[in-house]
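Peer 1: Given next are the chains, with one letter for each unit.
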Amino acid sequence: MRHRFPIDKKAFLAAAVATLLCVAFSFYGSRKLQNFDPALIAYLFGTLFALAGAVYRYAVWLQRPPTWLYFKRTWQFVFNGSLLAHLWLLTKESVRNLAFQAFIYPRSRLRWFAHFMLASGCLAAFAITIPLTLGWIHFTLDPASAADPAAIKIYNAHFFGFTVMNFELGSTLAFLIFHALTWCSWLVIIGCLIFLIKRLTNAGLIATQTFEGDLLPLILLIIISVTGLGLNFSYAFLKGFAYDFMAVTHAISVILFLVWIPFGKFFHIIQRPAQIGVHVYLKEGEKKGMAICPHTHQPFTTQLHVDDLKTVTKELGFDFTLEDGSSHLDYSPEGKRSLLAKAHLAARCESGTYFG
Amino acid sequence: METTAYKTDMEFFVDMQRCIGCRACEMACAECETNGHESMIHVNYVERSTTIQTTVQVCMHCDDPVCAKVCPADAISKDDFGVVHSANTSRCIGCSNCVMACPFGVPKKQEQYDLMMKCNMCYDRTSAGKKPMCATVCPSQALYYGTREEIARMRPNSTPVNTFIFGQLTVTTKVNIMMPKGSTHLKVH
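For the record, the sequence lines run as chains A and B.
Per my numbering, the first sequence runs over residues -4 to 351.
Per my numbering, the second sequence runs over residues 5 to 193.
Do not take every clue at face value.
Unchecked claim - Listed below are several chain B residues computed to face chain A (Cβ distance under 8 Å; list not exhaustive):
{"id": "1", "residue": "Met20"}
{"id": "2", "residue": "Ile24"}
{"id": "3", "residue": "Ala28"}
{"id": "4", "residue": "Asp84"}
{"id": "5", "residue": "Phe85"}
{"id": "6", "residue": "Ser100"}
{"id": "7", "residue": "Gly109"}
{"id": "8", "residue": "Asp128"}
{"id": "9", "residue": "Gly150"}
{"id": "10", "residue": "Phe170"}
Rather than coming from a laboratory, the hints here were simulated on the basis of the structure.
The C-beta atom is built at its ideal place from N, Cα and C for all residues, glycine as well.
Assemble the whole structure, with the sequences as input and the hints as a guide.
Peer 2: Right, dumping it as structure tokens:
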């Protein structure tokens, strides 16, 4: 019997293994749940779902012929040692393109600034909340300083149950650490607002965007950030007024966000590192030589790329093989356009008139 | 993309033989809001050393777009009107698979953005019932956007063709090219 929505077995297996591993890490990372914060249980399930979904989609995505080819090539470069030659490129690109998203900068400074704010806020928030939710990080009051009423209270931060740092309560560092998510929220809000204004005013974006694909992610991030700030505002300035409401709306919006990561726009966070793999692929291909277009007689891409595309297109049901055994893919984009024009001219000539 | 005034009776008709290489379309294309003011249309000399022939190429909007199929990042999509859209900026990883696999040589890799961009038939205009920029400025009507009746009246000795043969492969497209009357396809190889 054919299912309407068949489950990809390999992807399901990968998702199940990843989720179980994460549960095991959380169990032992929180020292058998001693350090697990039960208030975060809903977030825990959201995170596990996001992980399972993201791994599932990633595994399905990898199985597409062009994606698989790049994936396979990257691992070949790892195993034949050629990736080592690109360590500097890898490091440079990771900092430039992943941490700073520098490739956006030439498109517009404001666009880059907004994206950098948004991405930094989100990634920093992930780095804080995910380990907290999984019980990998927790804080305790230093017992010695707690027992002495005259002493300055010391807070200990633990990672996987090991003490990693101490700081004084009431210090600037403590203020910065306790409000880390507040700073993240402001970054996200600034980025989202710039993008939202852009999306509501730019005619090109208005024509091509969709509500669920482009606007909803921004609105959701703003809701998460505003309700998150609201939690802090409520207990710092309003004596806890509307705290429950903020806590519930914050939890709902965050869990929606988590559950949506694998399916919507946020999946690009997980896809983006592939860009660096592609750069290595092109660099590695250059070593093996460039493809020369038979029409323009100019190099246009690597021979490895052309050969790989011939395989991939065939696999996808497009056979560009020509009668003489060569391929239409041997021609550069300009060569292909010229061939079309020449064929068109020939057809017109044959008909006895150039125009009609 | 949700509410649109796209006119389904309007089609694109290209006659490269009429291209005079004036590049007015390039200038107009850069006015399209969806391209971020980058020109996406291609005008090039066919064989500069031996002929003054120029050719013009817009995206042909294939029925089964190779560019979308070879994209490792699922960045290219075709909508309900058959318009094949430019790469989704958040997904495109700049691999150039689409650039090298497109049988018509259409997608452009914008190296400075590490992003592929291509003609989307001026979606900001066509989705509002207007003509693409290039077709509004082409002085020789190498690029024409209108109804089949209009083109039949204007070009009685030509037939719009949307089937192309590249060796083993037959490609059908949304955009037509004007061929001698009675033609059914254009064999490139």
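Peer 1: Now tell me if each hint is right for this structure.
Peer 2: We went through each hint and held it up to the structure:
1. Met20: 5 Å, holds
2. Ile24: Since chain A brings no Cβ nearer than about 12 Å to Ile24(B), farther than 8 Å, the hint is violated.
3. Ala28: 18 Å, violated
4. Asp84: 12 Å, violated
5. Phe85: 13 Å, violated
6. Ser100: Cβ of Ser100(B) sits 7 Å from chain A, so the hint holds.
7. Gly109: 3 Å, holds
8. Asp128: With a closest approach of 4 Å, the Asp128(B) hint holds.
9. Gly150: 17 Å, violated
10. Phe170: 4 Å, holds
In summary, the numbered hints that this structure violates are 2, 3, 4, 5 and 9.
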